[in-house]
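Construct the complete structure from the given sequences, taking the supplied hints into account.
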Amino acid sequence: MDTAFLIESVIKVHIVLGFVLLVVPFIVWMERKVLGHMQDRIGPERVGPFGLLQTIADGIKLFMKEDLVPAQADKVVFILAPAITVVTALIATTVIPWGDTVTLFGRTIPLHIADVNVALLFVLATTSMGVYGVVLGGWASNSKYPLLGGLRSSAQMISYELAQGISLVSVVLLAGTLSLAQIARQQAHMWYVVPQFFGFAIYVISGIAETNRAPFDLPEAETELVAGFHTEYSSMKWAFYFLGEYANMMVVSGVAITVFLGGWNGPVLPPVAWFLIKLTAFLFFFIWLRATFPRLRYDQLMAFGWKVLLPASILNLVVTAIVVAL
Amino acid sequence: MLIPAFLFAMFAGIAIGCSLGVIFHRNPVHCALLLVGVLLSVSGLFILLNASFLAALQVLVYAGAIMVLFLFVLMLLNLKGENPLLTRGAAKGFGILFAIVVFVELLWTVLSPQMEGGMAASPTVPTGFGSPAAIGRVLYTVWLYPFEITSILLLIAVIGAVVLAKRKFG
Amino acid sequence: MTPAPTVPLVCYQILAAILFTIGVVGVLVRRSALIIFMSIELMLNAVNLSFVAFSRQHASMDGHIFVFFVMAVAAAEVAVGLAILVAIFRNRDTANVDDVRLLRG
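Protein chains in written order, with our numbering: chain W, 1 to 326; chain G, 1001 to 1170; chain Y, 2001 to 2105.
Heads up, a few of these hints could be off.
[Unchecked claim] List of simulated lysine-lysine pairs, DSS-like, C-alpha gap at most 27 Å:
no.	chain 1	residue 1	chain 2	residue 2
1	W	144	G	1168
2	G	1092	G	1080
3	W	61	W	33
4	W	144	W	237
5	G	1080	G	1168
6	W	144	G	1166
7	G	1166	W	307
8	W	144	W	75
9	W	61	W	237
10	W	65	W	144
11	W	237	W	75
12	W	61	W	75
13	W	144	G	1080
14	W	75	G	1080
15	W	237	W	65
16	W	65	W	33
17	G	1166	G	1080
18	W	307	G	1168
Because the hints were derived from the structure by calculation, they are not lab data.
Listed below in structure tokens is the structure:
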């Protein structure tokens, strides 16, 4: 393991980690502003120019808030659960390629932290570990609404993981590799969204359900089970859950961009710029969905995932396999 | 040279520690979480053995699905720790004795001279060993029948689980 | 060609033996059906580790295929076993294996 590789990996980890942690407050601001304008109001505008410092103010408030642990709660698991959510989301960001190679000091450095030859499986595996953060948070709170919310939310996440995985497999059939860097490189001429339009739609819908975002956010909605699995969480642990949720949104967007929307490929601008543009567009799409659609009821949600999305993704896979074989 | 040995020691230590925790903890949810720790460290050991596809599969299937099923059942049945923890008296003694016998037998087989000759030479493997392509090449040609039968087995298991756990009305 | 692993493969086999034995102790000594299930999973994982180490030893993918099937069968077994456990629990309100003894002579 030569030191140059170690140094460049450490720098890349810092860049990605810093990006995720710094951009999440920006996404929160963007969500509040965009939701506000779509709902014919302004959103935060007093703290800082255009309300940009609102999230920082919220962060300071959360930091100062009293950190409650319910008396009968299982303390170790209670503290561990939000950590699992954040850690799995951050680990999944290590394999997403955010640009082509850069040449510095005579070395070509690929712009992803790890080049794993099973990168797509790695992302699926780490996001499936993210279910633990939710189910343990619900259980450790030792209270009925969080338990129900946690169980519902994790059942939803496991159900939609299947359709997500199978829609990605259809692209793997076309690409011939599981490595995300290779898949991004192969889309220089045609993005995979063109032959795999239905796969893209299925992946996006199941990605939204995976991250518990509207319209699939019944388990954490405030008008339903009080606040679902994070009812008993306050201050920084609650902030961690939301940091994890937004990091998960970025992972889902990152994978969708890399696999379907051409990754960092684009005509004039540098690759990293194109990746950021596509990422921002995707996050805007997530927020747009939240402003537009009503919430799905839980049984409608599960029925949709098992009876519509899963057969659709399998059909997509079969058709792709037939076309590829011919 | 040093880093793989350190990684092996770390993963092995975590695996043994967590597995001892699984069999000695009182709270079943803690046991389940420690078992997840064992599964993740075994996945790390798979990566050290160039089995990258199996490592991802271990996390995805075992740690990510099977253990979640365990946790669901634990939470829905609301099982607390049992009291007393272990079997009483003579059964416990016989159990531990039997386990020691099994361990000695396994060590005997693993360290025996015939094995020694085979295991001393750790060969190089072709690149792409343990990749999905390599598994696919063998799975869909040589092992096709077991593959199809396993898919039917999984279907039977799904139907069986639904039927067994169904609440009978009236 | 990928070079040989720097840790001798005997170490993996010994670790697998240790994990298997701990699983055997768990099955024989604990009384809660769920913990017994978990100990069985521990034993299956020890066997998987052994298979992968041997497969690396002989540079053959057959060991990996075995592990693949063991994982699939373990998933099926856990699903059915937990369903049985849930059915028993619903009838007798206990998950203790010593309490389910009506067929005992």
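Status of each hint after checking the structure:
1. W:144 to G:1168: holds, 25 Å
2. G:1092 to G:1080: holds, 22 Å
3. W:61 to W:33: holds, 20 Å
4. W:144 to W:237: holds, 19 Å
5. G:1080 to G:1168: holds, 26 Å
6. W:144 to G:1166: holds, 23 Å
7. G:1166 to W:307: Answer holds: residue 1166 of chain G to residue 307 of chain W is near 20 Å, not above 27 Å.
8. W:144 to W:75: Since the Cα atoms of residue 144 of chain W and residue 75 of chain W sit roughly 17 Å apart, the hinted pair holds (cutoff 27 Å).
9. W:61 to W:237: holds, 13 Å
10. W:65 to W:144: holds, 24 Å
11. W:237 to W:75: Answer holds: residue 237 of chain W to residue 75 of chain W is near 13 Å, not above 27 Å.
12. W:61 to W:75: holds, 24 Å
13. W:144 to G:1080: The given pair, whose Cα atoms are some 17 Å apart, holds under the 27 Å limit.
14. W:75 to G:1080: holds, 16 Å
15. W:237 to W:65: Roughly 11 Å separates the two Cα atoms, so the pair holds.
16. W:65 to W:33: Distance ~25 Å between residue 65 of chain W and residue 33 of chain W Cα, so the pair holds.
17. G:1166 to G:1080: Holds, at roughly 23 Å.
18. W:307 to G:1168: Judged against 27 Å, a Cα distance of about 24 Å means the pair holds.
The structure meets every hint from the earlier list without exception.
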